[in-house]
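Quick note: the sequence shown uses the numbering used here, first residue 30, plus one each step.
Any given hint might turn out to be false.
To be verified - Derived Cβ-Cβ restraints for the label pairs, each shown as a range:
no., residue 1, residue 2, range
1, G64, N110, 14 to 24 Å
2, D93, H49, 21 to 31 Å
3, K32, N101, 19 to 29 Å
4, N47, K94, 44 to 54 Å
In case anyone wonders, no lab produced these hints; they're calculated from the structure. Glycine residues also receive a C-beta, built at the ideal position from the N, C-alpha and C atoms.
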Amino acid sequence: MKKHRLHLTNYQNQCKFNEHVFDCIDTEEKAYWLGFIFADGYISSHTPNKKKTYRFELSLAIKDKDHLDKFNIFMGYLGNNVKCDSYRCR
Numbered sequence: 030m031k032k033h034r035l036h037l038t039n040y041q042n043q044c045k046f047n048e049h050v051f052d053c054i055d056t057e058e059k060a061y062w063l064g065f066i067f068a069d070g071y072i073s074s075h076t077p078n079k080k081k082t083y084r085f086e087l088s089l090a091i092k093d094k095d096h097l098d099k100f101n102i103f104m105g106y107l108g109n110n111v112k113c114d115s116y117r118c119r
């Protein structure tokens with residue numbers, strides 16, 4: 030395909046959010062969300078098939094689901110990754 034100059038896009042490896050949003054904390058909004066992450070977020074590690082992976086998660090009460098949606102907008106994430114169970118949203 031490259032030989033015929035066709036553009037290839039690997040959507041699996043395409044970034045799904047703005048991974049550079051915190052490169053420079055130059056606005057009040059960025060400082061707020063960074064503090065929010067430190068207060069309510071966590072990172073876990075998992076090693077399936079000898080390949081270490083990391084997972085970032087925020088967990089809030091169900092009544093705060095809209096706040097997680099606002100965080101997605103801030104991060105530039107267009108999908109719907111907020112999941113709720115009987116007592117929390119993550």
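Status of the hints after comparison with the structure:
1. G64 - N110: 14 to 24 Å: holds (21 Å)
2. D93 - H49: 21 to 31 Å: holds (26 Å)
3. K32 - N101: 19 to 29 Å: Given range 19 to 29 Å: violated, Cβ gap about 40 Å.
4. N47 - K94: 44 to 54 Å: 21 Å Cβ-Cβ, so the 44 to 54 Å window is violated.
Checked against the numbered hints listed earlier, the structure breaks hints 3 and 4; every other hint is satisfied.
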